[in-house]
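Below are the chains, spelled out letter by letter.
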Amino acid sequence: MKLVKLCLAAFIICTLGFLVRINAADQVTISWWHLDTQTDYQAEWQKMADDFMAKHPNVKIEITVLENEAFKSKIATVMQSGNPPDLFRSWGGGVMNEYADAGLLKDITKDVVGTKWGKSIGKGAFGVYSYHGKYYGAPYDMGAVGIWYNKAIFKKLGIKPFRTWSQLIAGVKKIKAAGIIPIAVGEGDKWPGHFWWVYLAVRIGGKEAFNAAYSRKGSFKDAPFVQAGKKLKELVSLNPFEDSFLSQTWNDEAALVGNGLAAMDLMGQWAPYTMASEATNKKGLGDDLGWMPFPLVEGGAGKPTDVMGGGNGYIIGKNAPPETVEFLKYITSLKNNSLLAGEGRITPVVIGADKALKDPNQIAIAKAASKADYYQLYYDQYLPPAVGEVVKDAVQTLFAGTKSPQEAAQMIDDSFVANKK
Amino acid sequence: MRAKKTDSQYTLSSRKKKNFTTAMGFLIVPLLFYTFFVIAPVFQAAYYSLFNWNGLGPITNFIGFKNFVTIFKDSVFLTALKNNFLIIVLSLLLQLPTALILALAIGRRFKGSTFFRSIFFLPFILSEIIAGTVWTFMYNPQFGLQNTTLVNLIPALKNFSFLGDPKHVFYSIFIVIWWKYFGLHMVIMIAGLQNIPDEVVEAAYVDGVNNFQLNWHIILPLLKPTILISVFFSIIGSLQTFAIIWAMGRGDPVHAAETMVTYLYKFGFLRFSLGYGSSVAIVIFLICLVFNILYQRSITGQEQQSG
Chain F
1 MKLVKLCLAA FIICTLGFLV RINAADQVTI SWWHLDTQTD YQAEWQKMAD
51 DFMAKHPNVK IEITVLENEA FKSKIATVMQ SGNPPDLFRS WGGGVMNEYA
101 DAGLLKDITK DVVGTKWGKS IGKGAFGVYS YHGKYYGAPY DMGAVGIWYN
151 KAIFKKLGIK PFRTWSQLIA GVKKIKAAGI IPIAVGEGDK WPGHFWWVYL
201 AVRIGGKEAF NAAYSRKGSF KDAPFVQAGK KLKELVSLNP FEDSFLSQTW
251 NDEAALVGNG LAAMDLMGQW APYTMASEAT NKKGLGDDLG WMPFPLVEGG
301 AGKPTDVMGG GNGYIIGKNA PPETVEFLKY ITSLKNNSLL AGEGRITPVV
351 IGADKALKDP NQIAIAKAAS KADYYQLYYD QYLPPAVGEV VKDAVQTLFA
401 GTKSPQEAAQ MIDDSFVANK K
Chain Z
1 MRAKKTDSQY TLSSRKKKNF TTAMGFLIVP LLFYTFFVIA PVFQAAYYSL
51 FNWNGLGPIT NFIGFKNFVT IFKDSVFLTA LKNNFLIIVL SLLLQLPTAL
101 ILALAIGRRF KGSTFFRSIF FLPFILSEII AGTVWTFMYN PQFGLQNTTL
151 VNLIPALKNF SFLGDPKHVF YSIFIVIWWK YFGLHMVIMI AGLQNIPDEV
201 VEAAYVDGVN NFQLNWHIIL PLLKPTILIS VFFSIIGSLQ TFAIIWAMGR
251 GDPVHAAETM VTYLYKFGFL RFSLGYGSSV AIVIFLICLV FNILYQRSIT
301 GQEQQSG
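Just so you know, the sequences run in chain order F and Z.
Residue 117 in the numbering used here sits at position 117 of the first sequence; the count goes up by one each step and never skips.
Residue 245 in the numbering used here sits at position 245 of the second sequence; the count goes up by one each step and never skips.
In case anyone wonders, no lab produced these hints; they're calculated from the structure.
Even glycine gets a Cβ: it sits at the ideal position worked out from N, Cα and C.
Don't take each hint at face value.
[As the list claims (entries may be wrong)] Short, incomplete list of chain F residues facing chain Z, as computed with Cβ under 8 angstroms: (1) 35; (2) 64; (3) 66; (4) 70; (5) 80; (6) 245; (7) 251.
[As the list claims (entries may be wrong)] Below, computed lysine-lysine pairings styled on DSS-like, alpha-carbon distance capped at 30 angstroms: (8) F:174 x Z:82; (9) F:116 x F:335; (10) Z:82 x F:233.
[Stated by the list, open to error] If you only want the chain Z side, here are some residues facing chain F, beta carbon under 10 angstroms, derived: (11) 55; (12) 56; (13) 57; (14) 141; (15) 147; (16) 151; (17) 163; (18) 165; (19) 166; (20) 250; (21) 265; (22) 266; (23) 267; (24) 270.
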């Protein structure tokens, strides 16, 4: 009896020890950095992590949430220390390429090319997260930047959505005369303002001008880019922005529109959600929020289908455990992509998820993004990081009136030449 | 007796040796830390500053002293340098005199003097980021103090932009620096005041001086060493101003409130030019070093004079 008990005890201990050893050996931690500080958005990402951890008990996902600008600063220093997080937010483009060149990202091409997952996401969107044929992450959102406007204010003043730049200028003057802030811009953050200049360059110079400048057959000092600065200056001279716009943030900008104090806002597809969460009533404009594409510039070479925009996605750090790819696939599953689409937070990239779109504005954005022949990722992410910073600084000088359109274009071109690989 | 004498002489030098080894024993660890975390990085930064390197991967792209040439040709750096010196000048002209006057007013014990010392010192305890964030809220044009309170007192302030106007942003931030640090200097000077023996003050009163003469002719000269300490800390601190600027707009708009350290962070780290950032760090280091040497020289010179 004693011997049996002893053997049983030994057996149990060995089994437990064996199990513990297995778990300890297989336990992986995934560090995940994202930017969605709003309580409900955070909760949704957390739920995805919890659901995944429930299905994969050996995986622990540690989430770090950072505010947008804080994230950009922190990720820069973390990359320079050579220790990237396992899964983190990215907008693709030149910034991502720089990390890839330095060998800081995991190459997941074999999980993408020719696989079911790879085919489930729109090719154009997925391409934003590739570089020299290799894939480093995946998008979950790829939309377009456009002008969000307050339909009630427009109706009251008898203004129709703008098709051309001169119509926009006329509209701005009318709104200003009525004592309402025509345009909200968080130029303290610099990237919201740079949308204006980039879109003007897209409308005036089109695909050809950008490709010429990028490939050095032309330059960023060419006429379309200087013209873009001139048109921006024309807008700035009307004083259409809120007080202290040079020190305001994107959140301030969203609050102004959400509270009905500003009539227009040039922003991406994530705008309505932020506007609602920043508004005092926590609901924003609701049905009064409309979306129109950026107007055409008379005489410009750009096509009406050209789109400037971008999205959101996650890329994978070089030290990430293989389960990270599985988790990324889970985040970008049809179910989860449709969930976020249905809430109006994103323009979905998974094929079939657009059926979940309910908001007419979001549907319009999804259509515009899919029809675009020339899809330009915003310059501050598309160009190498150093050049992106200079573009933002240069455009801020145009908003502040401290440099001329030629000087701003020169600044950008000099930086591009100095940083081109 | 003779034996004892030789004994004590022998013991003295061995005690000295023992003291020395004990001292070295305690010092060796901090010395290692200091070398590893302060001295070595200076040399490392000097090495990196000779490269045009983006900070990712191994170091590449030797360019010699080109970075230093670029620094002094960049108008943004020159603005930053100017701003640093402006902080020094304004601190010496405004902040330190405020601290001094308050120290003289509440330095001596009276009912409530401790209370005043505490509240004046409070801003110093806040972290720079918190102080900057709170003041940014106060300066907010939509819901800050301006539109709610200040315009009732000073109507001209209605469209005044504290942080959004490149002409104003530096001075708006300087007010916060002034508010935050005058308490520190005040406390330093109060400590200095308390080193002045009461007999001197009593004797002066007996001689019939009024308060102004007392302060100007007697207390101030006696307070000189303390004032010099305040000046030293103020200048070194001014040269390294970063967090308060970063919390209140990161030196923008259009680099109007840029300082050398925010310049380093932006143009070094954020633009992925670690070599360039290192060269800026070396420039800041050299400026501080030169200032330190000149300052110590002039102090010892003065001490020798007043003998």
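Each hint, compared with the structure:
The interface hint given for residue 35 of chain F is violated, since its Cβ lies 17 angstroms from the closest Cβ of chain Z, which is over the 8 angstroms cut-off. At a threshold of 8 angstroms, the smallest CB-CB gap from residue 64 of chain F to chain Z is about 18 angstroms, leaving the interface hint violated. The closest approach between the C-beta of residue 66 of chain F and any C-beta of chain Z is roughly 15 angstroms, which is over the 8 angstroms cut-off, so the hint fails. For residue 70 of chain F, the suggested interface contact is broken, since its CB lies about 11 angstroms from the closest CB of chain Z, more than 8 angstroms.
With a cut of 8 angstroms, the hint placing residue 80 of chain F at the interface with chain Z holds, because the nearest CB-to-CB distance is about 4 angstroms. Restraint check, residue 245 of chain F versus chain Z: the minimum CB separation of about 6 angstroms is within 8 angstroms; hint holds. Contact between residue 251 of chain F and chain Z, as hinted, is not supported at the beta carbon level, the nearest pair being about 11 angstroms apart and thus beyond 8 angstroms. Distance restraint check for residue 174 of chain F and residue 82 of chain Z: the Cα-Cα separation of roughly 43 angstroms exceeds the 30 angstroms cut-off, and the hinted pair is therefore not satisfied.
A C-alpha spacing of about 15 angstroms is found between residue 116 of chain F and residue 335 of chain F, which places the hinted pair at or below 30 angstroms, so the restraint holds. For the given pair, residue 82 of chain Z sits about 29 angstroms from residue 233 of chain F by alpha-carbon distance, which is consistent with the 30 angstroms threshold. A distance limit of 10 angstroms between C-beta atoms decides the matter here; for residue 55 of chain Z the minimum to chain F is near 4 angstroms, and the interface restraint holds. Interface hint at residue 56 of chain Z: satisfied, since its Cβ lies 3 angstroms from the closest Cβ of chain F, which is below the 10 angstroms cut-off.
The closest approach between the C-beta of residue 57 of chain Z and any C-beta of chain F is roughly 4 angstroms, which is under the 10 angstroms cut-off, so the hint is satisfied. Evaluation of the residue 141 of chain Z hint against chain F yields a held restraint, the C-beta minimum of about 4 angstroms falling below 10 angstroms. A cut of 10 angstroms between beta carbons decides the hint on residue 147 of chain Z: the least distance to chain F is about 9 angstroms, and the hint holds. Of the supplied interface hints, the one on residue 151 of chain Z is violated, with its beta-carbon coming no nearer than about 12 angstroms to a beta-carbon of chain F, more than 10 angstroms.
Hint status for residue 163 of chain Z relative to chain F: holds, with the closest Cβ pair at about 4 angstroms, below 10 angstroms. For residue 165 of chain Z, the interface hint holds, since its Cβ comes within 10 angstroms of a Cβ in chain F; the closest pair sits about 7 angstroms apart. A least Cβ separation of about 6 angstroms between residue 166 of chain Z and chain F falls short of the 10 angstroms threshold, and the interface hint therefore holds. At its closest, the beta carbon of residue 250 of chain Z sits 8 angstroms from a beta carbon of chain F; the interface hint therefore holds under the 10 angstroms criterion.
Annotation: interface hint on residue 265 of chain Z holds; nearest CB of chain F at approximately 8 angstroms, less than 10 angstroms. Among the interface hints, the one on residue 266 of chain Z holds; its C-beta lies about 7 angstroms from the nearest C-beta in chain F, closer than the 10 angstroms criterion. Restraint check, residue 267 of chain Z versus chain F: the minimum CB separation of about 8 angstroms is within 10 angstroms; hint holds. For residue 270 of chain Z, the shortest C-beta to C-beta distance to chain F is roughly 5 angstroms, which falls under 10 angstroms, so the interface hint holds.
Checked against the numbered hints above, the structure breaks hints 1, 2, 3, 4, 7, 8, 16 and satisfies the rest.
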